[in-house]
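When you get a sec, could you build the whole thing from the sequences and use the hints?
From first to last, the protein sequence lines stand for chains A and B. Quick note: the first sequence, position 77, residue 77 per the working numbering, numbers continuous. Quick note: the second sequence, position 78, residue 78 per the working numbering, numbers continuous.
Accuracy of the hints is not assured; some may be wrong.
[Claimed, not checked] The list that follows gives simulated cross-link-like pairs (lysine-lysine, DSS-like), each with its CA atoms no further than 30 Å apart:
id: 1; chain 1: B; residue 1: Lys225; chain 2: B; residue 2: Lys160
id: 2; chain 1: B; residue 1: Lys129; chain 2: B; residue 2: Lys82
id: 3; chain 1: B; residue 1: Lys181; chain 2: B; residue 2: Lys279
id: 4; chain 1: A; residue 1: Lys110; chain 2: B; residue 2: Lys82
id: 5; chain 1: A; residue 1: Lys82; chain 2: B; residue 2: Lys82
I should point out that these hints are in silico values taken from the structure, not numbers from a laboratory.
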Amino acid sequence: MAILGFLESGGGHAVSRNAREVGDSSPFVLTGLMAWIKALGPYRWASNRLRDRGMSGRTAVISVPYLWLLLFFLVPFLIVLKISFSDIRLGMPPYEPFVTWASAHVMDLKFNFGNYAFLWEDALYRNAYANSIMTAGFSTILCLLIGYPMAYGIARSKPSWRNLLLLLVMLPFWTSFLLRVYAWIGILKNNGLINNLLMSMGVIDEPIVMLQTNFAVYLGIVYSYLPFMVLPLYTAIEKLDLTLLEAAADLGCRPTKAFFKITIPLTKGGIVAGSMLVFIPAVGEFVIPALLGGPGSLMIGRVLWEEFFNNRSWPIASAVAIAMLILLVFPIWILQRVQGREMGAHR
Amino acid sequence: MPKIMRCAFGCGLLVTAIVLLTACGSKKEAGADTATKPEDKVLFVYNWSDYIGETTIADFEARTGIKVTYDVFDSNEVLETKLLAGNTGYDIVVPSSTFLQRQIQAGVFRKLDKPKLPHLANMNLEIMKLVAEQDPGNEHSIIYMWGTTGIGYNRELVKKALGTDTIDGWEAVFDPAIAQKLAQCGISMLDSATDVVESALIYLGRDPNSEDRADLAAAEELLTKVRPYVRYFHSSQYINDLATGEICVSLGWSGDIIQARDRAAEAKALLDIAYAIPKQGAMLWFDMMAIPADAPNPDHAHAFLNFLMEPEVIAGVSNYVAFANANAAALQFVDDEVKNDPSIYPTSEVMKNLHPDIVESQEFSRDLNRAWTRIRTGQ
Numbered sequence: 001m002a003i004l005g006f007l008e009s010g011g012g013h014a015v016s017r018n019a020r021e022v023g024d025s026s027p028f029v030l031t032g033l034m035a036w037i038k039a040l041g042p043y044r045w046a047s048n049r050l051r052d053r054g055m056s057g058r059t060a061v062i063s064v065p066y067l068w069l070l071l072f073f074l075v076p077f078l079i080v081l082k083i084s085f086s087d088i089r090l091g092m093p094p095y096e097p098f099v100t101w102a103s104a105h106v107m108d109l110k111f112n113f114g115n116y117a118f119l120w121e122d123a124l125y126r127n128a129y130a131n132s133i134m135t136a137g138f139s140t141i142l143c144l145l146i147g148y149p150m151a152y153g154i155a156r157s158k159p160s161w162r163n164l165l166l167l168l169v170m171l172p173f174w175t176s177f178l179l180r181v182y183a184w185i186g187i188l189k190n191n192g193l194i195n196n197l198l199m200s201m202g203v204i205d206e207p208i209v210m211l212q213t214n215f216a217v218y219l220g221i222v223y224s225y226l227p228f229m230v231l232p233l234y235t236a237i238e239k240l241d242l243t244l245l246e247a248a249a250d251l252g253c254r255p256t257k258a259f260f261k262i263t264i265p266l267t268k269g270g271i272v273a274g275s276m277l278v279f280i281p282a283v284g285e286f287v288i289p290a291l292l293g294g295p296g297s298l299m300i301g302r303v304l305w306e307e308f309f310n311n312r313s314w315p316i317a318s319a320v321a322i323a324m325l326i327l328l329v330f331p332i333w334i335l336q337r338v339q340g341r342e343m344g345a346h347r
Numbered sequence: 001m002p003k004i005m006r007c008a009f010g011c012g013l014l015v016t017a018i019v020l021l022t023a024c025g026s027k028k029e030a031g032a033d034t035a036t037k038p039e040d041k042v043l044f045v046y047n048w049s050d051y052i053g054e055t056t057i058a059d060f061e062a063r064t065g066i067k068v069t070y071d072v073f074d075s076n077e078v079l080e081t082k083l084l085a086g087n088t089g090y091d092i093v094v095p096s097s098t099f100l101q102r103q104i105q106a107g108v109f110r111k112l113d114k115p116k117l118p119h120l121a122n123m124n125l126e127i128m129k130l131v132a133e134q135d136p137g138n139e140h141s142i143i144y145m146w147g148t149t150g151i152g153y154n155r156e157l158v159k160k161a162l163g164t165d166t167i168d169g170w171e172a173v174f175d176p177a178i179a180q181k182l183a184q185c186g187i188s189m190l191d192s193a194t195d196v197v198e199s200a201l202i203y204l205g206r207d208p209n210s211e212d213r214a215d216l217a218a219a220e221e222l223l224t225k226v227r228p229y230v231r232y233f234h235s236s237q238y239i240n241d242l243a244t245g246e247i248c249v250s251l252g253w254s255g256d257i258i259q260a261r262d263r264a265a266e267a268k269a270l271l272d273i274a275y276a277i278p279k280q281g282a283m284l285w286f287d288m289m290a291i292p293a294d295a296p297n298p299d300h301a302h303a304f305l306n307f308l309m310e311p312e313v314i315a316g317v318s319n320y321v322a323f324a325n326a327n328a329a330a331l332q333f334v335d336d337e338v339k340n341d342p343s344i345y346p347t348s349e350v351m352k353n354l355h356p357d358i359v360e361s362q363e364f365s366r367d368l369n370r371a372w373t374r375i376r377t378g379q
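Below is the structure:
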């Protein structure tokens, strides 16, 4: 939900403009369709019932994404939460039932907090969380440093070029993520593209070991998530009022200072949105460290995989997932509250 | 404002209705697709990747008129998780024997209907006996292929590093002094706690199936010492990397290394890949074919198992994938280059040194995997 909020603030401009364009081009079709829908008996019945209960059309529209979240976020979350309170057993499914019926009218709920206690006792999990957050954080900073100039360049390029440049940013998505990460193996390995090129040019004699190192993991994450950073930054920078920079220059402000005093604060929304879009999936990243990382790169995705597949412990794997969610959701929630308050203060 | 809102509301309703309708529709279709009426002659097989003869499936379809859907996996763990979740929809699955043992205890499989499997008489009883501990009375499964966990290596690169082009014992990967010399050209190990720890226990002269924590600690100490010289732990990457010379020594499964050898030969890379069953002994593995309890087409599954126990059929598979089968009657149809290769069909002398793997208890399994994470990551 936090992400939805950020997206709205970052990409709202582009979306509303597109909506207007669509509305302009086909007003007759839409009004015709609307008239037809409104004439339908079920529509009138449903809207009357909703109005009786104090629900406007607005509530109904908003309820669609909530319904979506309920169905695909909350329900799976509750199932995982339930399993995390369970205990392992040999059977199908491989965990104890949460609810047992002692007799026809007595329901037993079993909460086993041991899984969470276990996570706390073994330093492995804490280290994995810390390592994941550090890797994701460092990757996010790298993405920001690379993505900001890119987005800035696109936003300041000729309007006729912008769509092409944006298309180039998004183009990699047309190939499967897994394939693109796999392609890096061919580039980085000992007799891969880079090493062969450098050796044939005589720059190095022995291949540089790049694959299965932390360097490869950072490279993979930055490469894969860069578009998620560039796109919200672009929408934020594009909205920036250039006259403000002119005014700053007129008043004798140097370009660097103007950049940090004006451009950065005014594009903060895009920076936060892009950082969240990179940071959150990078924390739980499994594929990139598994394919490009060395044995030492311990990330929470891998620990989760091991609990689930190697230890066959669905309950502990679920507890790891829930703990990760709590670890991620609370800071974001607080950040959003703070931001919301700031925005309120500005108004 | 209210007009627009009502419009949006109407559209929302319409979209939701369409989505729901199409969802229901497609569900119905999917249901009709997978529901198996007796006249539908279908069979769903879930096997390891690169693990069947070129024409085996087509021959079976031509013979029986049963349409086979053949899917592949590449890890026992993934298969096990699917089986434990239930309703896989598969009629035939191929877990390794230790995994099978635990899955039988969890009630995953149905008992074989032996009267429907007359070709069981072709099986090699000596080898079938080796898995009787995992599957008592061989009631749930038949052996598909079997092999060993040993060392694959690139002769040329090893010669450069060690001065000899032959590896015949575990010391190549478990003796820090030798492993250090091989580190530059690259050592890989399976990312499998059981395989690597058991092999280390054999090198240490201990019982590989021991659940004694002292034995585990000794193996961990040994592996921690050689850990700096291991490039990576992975259970399939090494097939390619051995074949291309990316790494020079692998602790891996016999079939995969023989596959790497053949790939290198096909690519005319002039890489000489060899497989050694270490002289100290090695672990045996068995891939078992079994029928899940909730299999939709158990009759067709039995027909498939019976077909695979025909001597010519299973020999065809062995000739193609270069793995040993457990079919006594099939041996005469197996190509000489496969049959006489001691890394595929070990001599009876070497056989005495091979240990079947026995499933570990859940508690030991957790300790083993925890030790494995410490070995791999130092944490």
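To see whether the hints hold, each was checked on the structure:
Of the supplied pair hints, the one linking B:Lys225 and B:Lys160 holds, its CA atoms being roughly 23 Å apart against a limit of 30 Å. A distance of roughly 28 Å separates the Cα atoms of B:Lys129 and B:Lys82; the hinted pair therefore holds under the 30 Å criterion. Proposed proximity of B:Lys181 and B:Lys279 is supported: the alpha carbons are some 21 Å apart, at most 30 Å. The suggested pairing of A:Lys110 with B:Lys82 holds, with an alpha-carbon distance near 25 Å, which does not exceed 30 Å.
Distance check on the hinted pair: A:Lys82 and B:Lys82 sit about 19 Å apart at the alpha-carbon level, within 30 Å; holds.
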